[in-house]
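Peer 1: Top line first, the protein sequences correspond to chains A and B.
Residues 103 to 481, numbered by our numbering, are exactly what the first sequence covers, in order.
Residues 103 to 481, numbered by our numbering, are exactly what the second sequence covers, in order.
Calculated from the structure, these hints are not laboratory results.
There may be inaccurate statements among the hints.
The list treats identical chains as one, so a pair stands whether inside a single copy or across any two.
Said to hold, decoys possible - Below are the SDA-like pairs computed for lysine to any residue, each with C-alpha atoms no more than 25 Å apart in a straight line: (1) Lys311 with Gly150; (2) Lys420 with Glu263; (3) Lys420 with Gln295; (4) Lys420 with Pro111.
Each chain, written out:
Number of protein chains: 2
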Amino acid sequence: MTPAHTQWPAPAAIGMSVEEVDTPALIVELDALEANLARMAAFARGRGLRLRTHAKMHKCTAMARKQVALGAVGVCCQKVSEAEVMVAGGVPDVLISNEVVGAPKLARVAALAREARIGVCVDDARAARDLSAAATRAGANVDVYVEIDVGARRCGVVPGEAALQLAREVASLPSLRLMGLQAYHGSAQHLRQPEERAAAIAEASRLAKLSKELILAAGLPCPVVTGAGSGTFELEGASGVYNELQPGSYAFMDADYGRNVTAAPFAHSLFILASVMSRAPGHAVLDVGLKTHSVDSGMPLVHADAAGRPLTGLEYRKASDEHGVVFAAGGTGLPTLGSKLRLIPGHIDPTVNLHDWLVGVRNGRVAELWPIDARGAMW
Amino acid sequence: MTPAHTQWPAPAAIGMSVEEVDTPALIVELDALEANLARMAAFARGRGLRLRTHAKMHKCTAMARKQVALGAVGVCCQKVSEAEVMVAGGVPDVLISNEVVGAPKLARVAALAREARIGVCVDDARAARDLSAAATRAGANVDVYVEIDVGARRCGVVPGEAALQLAREVASLPSLRLMGLQAYHGSAQHLRQPEERAAAIAEASRLAKLSKELILAAGLPCPVVTGAGSGTFELEGASGVYNELQPGSYAFMDADYGRNVTAAPFAHSLFILASVMSRAPGHAVLDVGLKTHSVDSGMPLVHADAAGRPLTGLEYRKASDEHGVVFAAGGTGLPTLGSKLRLIPGHIDPTVNLHDWLVGVRNGRVAELWPIDARGAMW
Chain A
103 MTPAHTQWPA PAAIGMSVEE VDTPALIVEL DALEANLARM AAFARGRGLR LRTHAKMHKC
163 TAMARKQVAL GAVGVCCQKV SEAEVMVAGG VPDVLISNEV VGAPKLARVA ALAREARIGV
223 CVDDARAARD LSAAATRAGA NVDVYVEIDV GARRCGVVPG EAALQLAREV ASLPSLRLMG
283 LQAYHGSAQH LRQPEERAAA IAEASRLAKL SKELILAAGL PCPVVTGAGS GTFELEGASG
343 VYNELQPGSY AFMDADYGRN VTAAPFAHSL FILASVMSRA PGHAVLDVGL KTHSVDSGMP
403 LVHADAAGRP LTGLEYRKAS DEHGVVFAAG GTGLPTLGSK LRLIPGHIDP TVNLHDWLVG
463 VRNGRVAELW PIDARGAMW
Chain B
103 MTPAHTQWPA PAAIGMSVEE VDTPALIVEL DALEANLARM AAFARGRGLR LRTHAKMHKC
163 TAMARKQVAL GAVGVCCQKV SEAEVMVAGG VPDVLISNEV VGAPKLARVA ALAREARIGV
223 CVDDARAARD LSAAATRAGA NVDVYVEIDV GARRCGVVPG EAALQLAREV ASLPSLRLMG
283 LQAYHGSAQH LRQPEERAAA IAEASRLAKL SKELILAAGL PCPVVTGAGS GTFELEGASG
343 VYNELQPGSY AFMDADYGRN VTAAPFAHSL FILASVMSRA PGHAVLDVGL KTHSVDSGMP
403 LVHADAAGRP LTGLEYRKAS DEHGVVFAAG GTGLPTLGSK LRLIPGHIDP TVNLHDWLVG
463 VRNGRVAELW PIDARGAMW
């Protein structure tokens, strides 16, 4: 299940100035992006850790190929259809860091595992047996990670004895390779204070270590403990337990990650380019809303003008389907009708998923156009 | 700017049972949809009002054609690219119920106005002059509606004298046809109590009437006063001022509209079909999240099983990018791993915009597959 191409023409052309890019658009400052990518790659390399960047954030094979070129072992995905796009786009090793249910999807996983190295998470013995049967039918081998719940209270078995039991089941099944543990703590990424994040990941590491030791003691393999995200990767990286990191958001960042108190922030590299489509004495209305950015983690921040010159005192307060209403509290003052602004999205992953193109810019000009080729991949 | 086709294959095939539809998917109960469409059409016909259904909600030309076949004069859109898709899909009369800024978009409006009847809203004299120039260059005529702010505090000029001034400007410009007033009160749709909605629309009607009378007294035309949505259309319809209605959500409904206290509710006809992808003793995890439904107006409601049998006591409490966590508070109890559920989305418009297909079902079987062909149309 791979899409033919993105649905819409790009909102920009190579060589255009940022001011000329049609709005709404997602623009990526390439210098900032490259610095973020290099920094994460250097961190993993310096610690001898495997880096498996998360493609659910960018849903873009051009981005994935850049990450692999910098040393990532491959990418994570959350959906089989994302993995299919990534493999078709040249990524040789994809971990679906999520559970997969239902015969049609399992058959697709098995078919894909004949083309590339594919991993899947399991948290249920019957699901593991179904996956094994599908892989055997396809003549494929699938990497399997037992997912343990290390604090996210979402998917995953209870760490410890239940993890061992499921690992035994996986190890006993044909066409599955027991690769280790998925131990991702999503909500820890967004704890604001460093000491809160440290406590959450200390506990996650303890639970992962306990589970890994039980599996090893039973004579089973557990070569990889994988997890971590952009808010906590330094903690998992220093844990001595995790040996693979799954960060995604660090490449672009967003307003929510920007609110974390952290010693080593990544730069915001992705912005929503918006136009002022209406002006009233007390507010400006932008041509972006709930269909161009997600507000689940709060409103976007008004960051700069189209050229990147900082704007101050402007507050995006109200989003409707196609409108964003901005007020001025001192500072730069309200922008004029027709002018363009750069916004930092509240939450990067569901925002990128609304768009078909990333417009890469350098020195104020469009330098790259990357299709978000797994946009909408939800199966 | 029209897309070649939707990006993804449909998650269903004609004749399949609902249980077999791949998830996530948007399923539409055709009997309920048709009843909703007929009811709104009958309301408008019975009052002698023009019905111009809002395509920003469904973004689907198959839906628009059904609405026109039932008597709608055409559709509204919020974006030029939506209007382009609607015209390409056979809709002969489209009102862009929104302001359009920037030379590239104005040129597209003008080009489109050579193919179909196209209307645009204006709330600024310079914008009106730019539109006139673009239309003249293209040899086209564009219908223009002066937008007045009747309480939404978003776009629109102040009703009264400012509306008259802008109407004079529009009437004086070549290639523009002054058609009347856009007087839409979006936030009134979601006031919970009938008396609150009545008060809001009484004031909106007063402001629209005042503006219309000034325009007529100046010897200018004002044949159409357009506005209204699914939460208030009966009020505008009875106002004696509005003669065109723009409802969209009534066709599908959503959880937010369902919370309105109203004597004449439409039926929920659209559901998100989701699978249980993980089970813990105290919760079930669904394969839907922020990339399959918007949470800006609250979480989805767990409504029924795949076949449509009602479920009770299940609460969707936590959405992350690709996961929805459901808890049981008595009632039916938690669903089993792999089972499928029907959810009612919190907010219909930004939810539909995340999907590429509507799967029409009747008597438990897939009967129609409609591409959401203006999905992602944001320019």
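Peer 1: Looking back at the hints listed earlier, which ones does the structure fail to meet?
Peer 2: Violated: hints 2, 4.
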